[in-house]
Amino acid sequence: MLALFYIFIAVAFSIGIWQVNKLLRFTKKTITDENNQEVLAFVQSEENPLATEKNNDLHGKFFLAFLIAFYALMAYCLIFLNDIMLPESASVEGENDDNLFLISFVLIGIVQFATQAMLFFFSYKYRGVGNRKALFYADSHKLELIWTTIPTIVLTGLIGYGLYTWNTVMDLSDADNPIVVELYAKQFIWEARYAGADNTLGRGNVRNIEGINTIGIDMTDENSADDIPVRELHLPKGRKVVFKFRSQDVLHSAYMPHFRAQMNCVPGMVTEFGFTPKFTTEEMRRQDETVRKVDGINKIRKAKGEDPYIFDYLLLCNKICGASHYNMQMKIVVEEEAAFYSWLKKQPTITEIVQ
Amino acid sequence: MSEHHHKETFVTKYIFSQDHKMISKQFLITGIIMGVIGVLMSLLFRLQLAWPDHSFTLVEAFLGSHQTDGVMDPDMYLALVTIHGTIMVFFVLTAGLSGTFSNLLIPLQIGARDMASGFMNMISYWLFFISSVIMIVSLFVEAGPASAGWTIYPPLSALPQAIPGSGMGMTLWLVSMAIFVASSLIGSLNYIVTVLNLRTKGMKMTRLPLTMWTFFITAIIGVVSFPVLLSAALLLIFDRSFGTSFFLSDIFISGEVLHYQGGSPVLFEHLFWFLGHPEVYIVLLPALGITSEVIATNSRKPIFGYRAMIGSIMAIAFLSTIVWGHHMFISGMNPFLGSVFTFTTLLIAIPSAVKVFNYITTLWKGNLQMNPAMLFSIGLVSTFISGGLTGIVLGDSALDINVHDTYFVVAHFHLVMGISAIYGLFAGVYHWFPKMYGRMMNKTLGYWHFWITAIAAYGVFFPMHFIGLAGLPRRYYTNTAFPLFNDLADVNVVMTLFALLGGVAQLIFLVNFFMSITRGKKATQNPWRSTTLEWTTPVEAIHGNWPGKIPTVERWPYDYSKPGHDEDFVMQNVPLKEGEEES
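Here the protein sequences come in this chain order: A and B.
Numbered by numbering that gives the first Met the number 0, the letters in the first sequence go through residues 0 to 354 in order.
Numbered by numbering that gives the first Met the number 0, the letters in the second sequence go through residues 0 to 582 in order.
The hints are simulated quantities; they were obtained by calculation from the structure and are not laboratory data.
Mixed in with the good hints there might be a few duds.
[To be verified] Straight-line alpha carbon distances no greater than 27 Å define the calculated DSS-like cross-link-like pairs of lysine-lysine that follow:
id : chain 1 : residue 1 : chain 2 : residue 2
1  : A       : LYS53     : B       : LYS24
2  : A       : LYS330    : A       : LYS243
3  : B       : LYS24     : B       : LYS434
4  : B       : LYS548    : A       : LYS124
5  : B       : LYS520    : B       : LYS203
6  : B       : LYS434    : A       : LYS53
7  : A       : LYS53     : B       : LYS576
8  : A       : LYS236    : A       : LYS124
9  : A       : LYS60     : A       : LYS141
10 : B       : LYS24     : B       : LYS364
11 : A       : LYS124    : A       : LYS141
12 : B       : LYS520    : B       : LYS434
13 : B       : LYS203    : B       : LYS521
14 : A       : LYS243    : A       : LYS141
15 : B       : LYS12     : A       : LYS141
16 : A       : LYS53     : B       : LYS12
17 : B       : LYS434    : B       : LYS548
18 : B       : LYS12     : A       : LYS132
19 : B       : LYS548    : B       : LYS200
20 : A       : LYS277    : A       : LYS239
21 : B       : LYS364    : B       : LYS12
22 : A       : LYS132    : A       : LYS243
23 : B       : LYS548    : B       : LYS12
24 : A       : LYS236    : A       : LYS132
25 : A       : LYS132    : B       : LYS364
26 : A       : LYS60     : B       : LYS12
27 : A       : LYS53     : A       : LYS132
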């Protein structure tokens, strides 16, 4: 691929030089100077600076070709880049999101195909011909009405469905006995804390950070005692999880793309997001789309002699946070509820850790 | 005004000039220089994204101590994307585009001798110049330039402990931007006053060319929103230097708790985007105005739906000031606000759709003259559609959750405001070059420039949507830390190849531009056979624009191919024939 890059540059440069050369082409010509003597002079070749009929014809056709190439690019991206897309939502709430995305994407796809076609086809069809006079057509209330009303109706639908989805996803008030987890961000590490038996997180503040209490849990708060700080996130399948996000230094963003979940972590405040995992990690690994994506990845890794990759859910940082922003990640394991609880039981509480 | 006969020295003519035409050239050339820097930066970080571990002599040569063995440092990567964004958005597409063409065209197209205040106009340019110099100087400070992203969200931008670029580099960034805002405000006020007060006889507001409408409205948005950025910058300076807590609270970094208490970074985001979003339209509207003019002229047809166009410019301008929250759906602000901003944001699609359909209808049954300016204008409409449509996904809060800050966003805004606006800039330069320098640019080079740029632009930014949908976050120094993204590496290489191609294509433009200034073919008075007033001025530009009386305007600006006339254009200063109706 790197060789291609050098070829690219070489080609582009030669075209440039060729054209500049053309621009500068001087021709020998005998002209008469002011003393009426014939002298040999170099004269710049004349080029009509305005588009000629020939130019119009050529570039009109280029636009048609461009349209076809653009369609091909769109088709290629839609079909062949499909395998690199994220697999279907791994959270229940994300299903709505996927639906809405599909509807939006089909709609904008249709509009894109249609309007680009009109734009480039008209550019081709009405390319200038010498004696044709353009149609004097300055206004039409009917047309204006049509293309104001139709987008309005379509958008009303989209806005309605969008707001419904947004409110469903963001409303955490109706969650029935959710599992409360704190996600704690700092340059360039994620930590997490489970609320423990009382399912209530103890207060936290950076002013309490001391020794192994790395996330500033307020030990004087009675809710803190049974909190469980961890470095790997486990979630139970089928239970609503409510996340509380904190950050100790700069803005971070907790991005869990497979769950269609993201929320900023803001120093000085607690933000919230929630979802219900739908597939365990094991189930997700067996899922068709994941298998196809992982196969694709492993083909590339094998060629480079790297270890095969096994799918895992991930938490990424998605708000610029410093030099190692690109590598701020945490593994997420989704498992059946029983397995989750037996894992959680093995983790020491903050009280045990501090002692 | 014809008593303008005092001697002009070199300094008053070329440096501290108060003539709007000279000031516009100053804006353009400064903008081009900044553009070259901005594009070069993007090529450097595209190299990094395509071949993360490969050593490049180019990188070694440019980045000095900010690279190791030809591989750039992560901090420098972030600095490059930050300064690239800042330069392109503010210095190239705001000052370079709006500054150039507002200055050049407002007096010429409304029929005025000069701007309302030539002196303020000069100050506006020189403040812009100083701010550009400071921004460039900031590239050379030891710890590196500002690197918290062009949105400079605190606390990252406030704490040198968090990233080295937030030291001296950030201070210079803030000073530079504060001066930039002053320049922009002085310029905008001047544009507004000029358009309102100095129109020639007969130039009713409803007879203004659409370029004038967009520049006028753009100036209003600028006056409304830029001061808010200034206040955000000032408050950030206070937080950084004087220990206040406007944006900072509860911070533990480098092993110690800082004293900040009670501030909120979300407040900064509100202030920033209150400018930041209208800024998109400050960048885009002038480009659309230029396109309207170029498409009408080269289609030999009146722009379709003149009044609807003005209406949609106003609607876009109004909506642009109440949608900023769509950049903050997941910032932790109340979800109810998210609903409101989703609603207002998606409404923008309506006036935008109207504009697009009007452009397409203008082409319909025209007699298209494929001049380079026309090609860029058609290209603009295409990228405006492609980029605008994905806005419907991003503006929908529920969908934004998962694509926020991914490459999907990068692709979206580069197409809809970056590429579109830069096409507008190019269209404007090709179209009004004869008015600036009295010469024509080379057509063939213009064609090469357009086609390579058009292919490269889609080659870079179309596939980029898809790596965004694959969940790849923006502003990652390398994607190799995640096996999950291994299969995106090839796409990244392809994008970089196209980016390099596009970058090289701009050399064609530079050569064409600078050579045509001295060697271009002499222009005629009205080369594109256009209707607006600037083409009634003499080819050799003079101070005061018209040697005699300023022409009187008798009709609207789009009488192309009007039945009942022999020529396929009727200039604005030609009186209506008996019985002829104004359109």
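Discussion item. Check the structure against each numbered hint from earlier and tell me which ones fail, lowest number first.
Written reply: 1, 4, 5, 7, 8, 9, 10, 13, 14, 15, 16, 18, 21, 22, 24, 26
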